[in-house]
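Q: Chains A and B, in that order, are what the protein sequence lines are.
All letters in the first sequence, in the order written, are residues 782 to 928 by our numbering.
All letters in the second sequence, in the order written, are residues 208 to 384 by our numbering.
Any given hint could turn out to be false.
Said to hold, decoys possible - Label-pair distances were calculated between CB atoms; the ranges are:
#1 A/N810 with B/R311: 32 to 38 Å
#2 A/Y894 with B/S364: 36 to 42 Å
#3 B/Y219 with A/Y894: 20 to 26 Å
#4 A/N810 with B/D299: 54 to 60 Å
#5 A/L888 with B/S301: 27 to 33 Å
No lab work stands behind these hints, which were simulated from the structure alone.
This structure is a prediction, so every number in the text was calculated from the model and none was measured.
C-beta atoms are modelled at their ideal positions from N, C-alpha and C, and glycine is treated no differently.
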Amino acid sequence: MVTYRQDLPPKGGFDPIEFAARGPKRMFNGFTQFGIFLGVTGLAWVGWSYVKEIMRKEELELFDARNAVEPFIYAEKDRAILTHYRRCRDEENKLMKNVKGWETGTLWGEPVYHNVRSRYIKPSLEELVTHMSPEKQHDMIFDKLIR
Amino acid sequence: MPYTNQEYLPSYEELTVPELEVTSAVFRTAAHHLGKYCDNVCKEFMLCRSEENDPRKCLNEGKAVTRCGFEFFGKVKKHCYAEFNQYMQCVDHSGRLMDFKNCRKTQATFDNCIKEHFGQDRPELGYFSKVRLHKTCRPRPTMAPHIMPERVPDPPSPEELRKPTDKLKNPHFTAVI
């Protein structure tokens, strides 16, 4: 008596083996896909133009504010820098008053710059910080307001 | 210091004036109205600054600018103190750039107050960013004359060089030949 059952192929046989690659099913044809792309891009373009206009206006308002305030800042800054030049010159006069033959603003009588037309010359950073303490020099050079 | 004692530097008395000691938020808040209130003075100062390229020559214009700012802020403090403070608080806490876009309501209140007491509207968008012409009575700056050294005499021409010169009479020269 046989109690087991022999494994056999299904009725009608196995399905044929699919050896060819199967691509995904296409939802749209090429023209529709290109149409959708154009539509979405066009809509985004229109939306971006609105957003860009808003951003431009906001930036312009900030530029306006900066430009309007600029003269006030410059007026104060010019006065501050001229006060500093004056202080540096006075300090040099005081420091070198006992040295014979020294003239302020020159190297033993020879001027620093060849300035025939008496233009405005901005002193170099080293000249501005010469008479400061090392801590203040560091602050000035690295633009620290509070130590 | 490249400045000698003969060169002009303004004295401390000329340079010491009361300064506008306000923070950036106050300037940002007041900017448009302040700029319009002091329009002529500011234009004069900036023109002077760009023409002369010399802060020593534009001191008086700069002082006028600061004085005008004092006048404006004094008037604001007198008439629109509460509105200004409200708007300033909003702008100060508006964001990284102190944007105006979050503060339109308080801005409208402040604008109304300014309109009532100063009689000026908020300038239109882009007013300070466009090129504005300015008529001034200050003469156009002229540079000092550039004094050049004397011209070096021309070298002798080849014909002159070819002529027999006194060099031949030089005993050393003839000896070399």
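Q: Evaluate each hint against the coordinates.
A: Hint check results:
1. A/N810 with B/R311: 32 to 38 Å: violated (50 Å)
2. A/Y894 with B/S364: 36 to 42 Å: Hint holds: Cβ distance 39 Å, inside 36 to 42 Å.
3. B/Y219 with A/Y894: 20 to 26 Å: holds (25 Å)
4. A/N810 with B/D299: 54 to 60 Å: holds (59 Å)
5. A/L888 with B/S301: 27 to 33 Å: violated (53 Å)
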